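Peer 1: Please put together the full structure from these sequences, using the hints given.
Here are the chains, one letter per residue:
Number of protein chains: 2
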Amino acid sequence: MQNLDEHTITDEAIRRLEGCKDARFKEILTSLTRHLHAFAREVKLTEAEWMQGIEYLTAVGHKCDDKRQEFILLSDTLGLSMLVVALNNRKPAGCTEATVFGPFHTDKASDFKNGDDISGGAPGEPAFISGTVRAADGTPIANAVVDVWQADGDGIYDVQYTDKNGALFARGRLHTDAQGKYAFKSILPEFYSIPTDGPVGEWIRRAGRHPFRPAHLHFMIQAPGYEKLVTHVFRSDDKYLDSDAVFGVRSSLISDWVRKEPGTAPDGSRMDKPVYTLDFDFVLPREAH
Amino acid sequence: MQNLDEHTITDEAIRRLEGCKDARFKEILTSLTRHLHAFAREVKLTEAEWMQGIEYLTAVGHKCDDKRQEFILLSDTLGLSMLVVALNNRKPAGCTEATVFGPFHTDKASDFKNGDDISGGAPGEPAFISGTVRAADGTPIANAVVDVWQADGDGIYDVQYTDKNGALFARGRLHTDAQGKYAFKSILPEFYSIPTDGPVGEWIRRAGRHPFRPAHLHFMIQAPGYEKLVTHVFRSDDKYLDSDAVFGVRSSLISDWVRKEPGTAPDGSRMDKPVYTLDFDFVLPREAH
Chain A
14 MQNLDEHTIT DEAIRRLEGC KDARFKEILT SLTRHLHAFA REVKLTEAEW
64 MQGIEYLTAV GHKCDDKRQE FILLSDTLGL SMLVVALNNR KPAGCTEATV
114 FGPFHTDKAS DFKNGDDISG GAPGEPAFIS GTVRAADGTP IANAVVDVWQ
164 ADGDGIYDVQ YTDKNGALFA RGRLHTDAQG KYAFKSILPE FYSIPTDGPV
214 GEWIRRAGRH PFRPAHLHFM IQAPGYEKLV THVFRSDDKY LDSDAVFGVR
264 SSLISDWVRK EPGTAPDGSR MDKPVYTLDF DFVLPREAH
Chain B
14 MQNLDEHTIT DEAIRRLEGC KDARFKEILT SLTRHLHAFA REVKLTEAEW
64 MQGIEYLTAV GHKCDDKRQE FILLSDTLGL SMLVVALNNR KPAGCTEATV
114 FGPFHTDKAS DFKNGDDISG GAPGEPAFIS GTVRAADGTP IANAVVDVWQ
164 ADGDGIYDVQ YTDKNGALFA RGRLHTDAQG KYAFKSILPE FYSIPTDGPV
214 GEWIRRAGRH PFRPAHLHFM IQAPGYEKLV THVFRSDDKY LDSDAVFGVR
264 SSLISDWVRK EPGTAPDGSR MDKPVYTLDF DFVLPREAH
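The listed protein sequences correspond, in order, to chains A and B.
With the first sequence counted from 1, adding 13 to any position gets you the working numbering.
With the second sequence counted from 1, adding 13 to any position gets you the working numbering.
Hints in this document: simulated from the structure, not taken from any laboratory.
This one's a predicted model, so the numbers in the text were calculated from it and none came from an experiment.
Keep in mind that the hints are not guaranteed to be accurate.
The list treats identical chains as interchangeable, and a pair is accepted whether it falls inside one copy or across any two copies.
[As the list claims (entries may be wrong)] Simulated crosslink set (EDC-like; lysine to aspartate or glutamate; CA at most 16 angstroms straight-line):
(1) K286 with E138
(2) K241 with E60
(3) K126 with D160
(4) K252 with D160
(5) K104 with E60
(6) K273 with D35
(7) K34 with E215
(8) K198 with D35
(9) K104 with D18
(10) K39 with D24
(11) K39 with E55
Peer 2: Set out below in structure tokens:
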């Protein structure tokens, strides 16, 4: 078809998908084309703005490497990630809610035993975290994989450092015991800024938004026969709970991290500074068949 | 705001722009957020599909370098580029229509004099191209910059070759003479495939679309006091005129490239093989004040 104008080009671009054998791909591309075109028409995107968009996306791509995922960060800050989480994680009543995955997970984390210190010496206030992983009917889930990661006390994830030879810390993989219990020592999470030294920082600043996330610990919990859970546990005393830069806060995931004065720590050791404790249980729905 | 769900997150993401001082940026981001979210809701994008999208955009970004612009190609194949051209180039009657810029222009092209051979030895049928650049009232525009680029007879642009040390050919910058005339020798354009060795080729294949563009010569024409024109001249005998992979064909830009049998060429030289001639005039609107 020739002489396409701003009114006819959308239908023609969609008609070109008529030979697509993959029905789901066709459905996604049809909707994407319609919304992308509607956006450009609605704002009457200029050619200079289009070129800025091309250059912006290119810069986002160039910022991505094996340790940095700027497109996830872009999706997070646009609210798209949390929207997709919400669309796909309508948990049954009583089950732990999900939230955003974020860009800082890595499969390379080490295995730890319950009770281990996973902090790897990361700066921060010491914290003892424990709880149970259960099914909705209360059955403890033994041998569930509990994947944990967090920023250090300076608000920076291990994978963000460029001067530590790729050392991993304040993350690890544990397994629940026969009673479904997990326990580890780490550090108290602190609020932090998402990385603002790249294109995402640029748009956040231009939008007049702050880049902060309330303090949280990431969990990904998996057990055969149960739905995978990707979530956080937040701190109840954080000032950014109502304005998380990535829209991820759910009130059911906010918990008190209890401060204990120096003395005997939960693991029996002597602590000469205060420690924090968190007790948090996770409830997983059974996988649909 | 906490506990955002798929119905409330869009308004909250837009509300976060309330501190944005740049009204146009705010307008664009508001519309972009609304359409991006509507797309994800409409197709009920799964988390695996979202991650495929993240990985796809990352791959597109990684394919971009100083010679390859995969995001422009993606925009072109989605019909977005031509939509933006249509939105911004409603030319007055009698003026030459615009079409897509494409990803193969470079500012590094050499200057040529009228009558020069700009082909640089590129393989292809010899062609003599000439015409006049005029204002809508017929006034010839002297000293207009005529920037020309094209694929070679094998359907490949100079900047796509990786084994030619960055040599440029079949492109150049000319200036119209006092009568508004331009003339150069080059080669007959042939239909070609957009680059399919990257992520854009992947989606085109999966969509069941062909990757071909009808033969064309690119022009970008600029003169003080006139609107810049970015356009093509197509060949009337091309089989892809109705299915251009980037939706760029306008019937007013289709022209006969006249084949002349061996003998005396338009520049007076002896030709021992056939040559093609194209005579094409460009009409530019005056710049709005």
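Peer 1: For the identical chains here, do K104 and D18 meet the 16 angstroms Cα criterion within one copy, between copies, both, or neither?
Peer 2: Between copies, since 12 angstroms is at most 16 angstroms while 45 angstroms is not.
Peer 1: For the identical chains here, do K104 and E60 meet the 16 angstroms Cα criterion within one copy, between copies, both, or neither?
Peer 2: Classified as between; 15 angstroms across copies, 44 angstroms inside a copy.
Peer 1: Could you figure out if K39 and E55 sit no more than 16 angstroms apart (CA to CA) within one copy, between two copies, both or neither?
Peer 2: Result: close only across copies, 13 angstroms inter versus 24 angstroms intra.
Peer 1: Please work out whether the CA atoms of K126 and D160 approach to 16 angstroms or closer within one copy, between two copies, in both situations, or in neither?
Peer 2: Within one copy, since 12 angstroms is at most 16 angstroms while 67 angstroms is not.
Peer 1: Given identical chains, is K252 near D160, meaning Cα to Cα at most 16 angstroms, within a copy, between copies, both, or neither?
Peer 2: neither (26 angstroms within a copy, 57 angstroms between copies)
Peer 1: From the Cα coordinates, with 16 angstroms as the cut-off, is the pair K198 and D35 best called within, between, both, or neither?
Peer 2: neither (48 angstroms within a copy, 46 angstroms between copies)
Peer 1: If the cut is 16 angstroms between Cα atoms, do K286 and E138 qualify within a copy, between copies, both or neither?
Peer 2: within (8 angstroms within a copy, 83 angstroms between copies)
Peer 1: Measure nothing new, just compare the shortest in-copy and cross-copy C-alpha distances for K241 and E60 to 16 angstroms and report within, between, both or neither.
Peer 2: Classified as between; 12 angstroms across copies, 44 angstroms inside a copy.
Peer 1: Given identical chains, is K39 near D24, meaning Cα to Cα at most 16 angstroms, within a copy, between copies, both, or neither?
Peer 2: Intra 14 angstroms, inter 28 angstroms, cutoff 16 angstroms: intra-copy only.
Peer 1: Which holds for K273 with D35 at a C-alpha limit of 16 angstroms: within a copy, between copies, both or neither?
Peer 2: neither (58 angstroms within a copy, 48 angstroms between copies)
Peer 1: Could you figure out if K34 and E215 sit no more than 16 angstroms apart (CA to CA) within one copy, between two copies, both or neither?
Peer 2: Close across copies (14 angstroms), not inside one copy (40 angstroms); limit 16 angstroms.
Hint check: violations occur at hints 4, 6 and 8; the rest are consistent with the structure.
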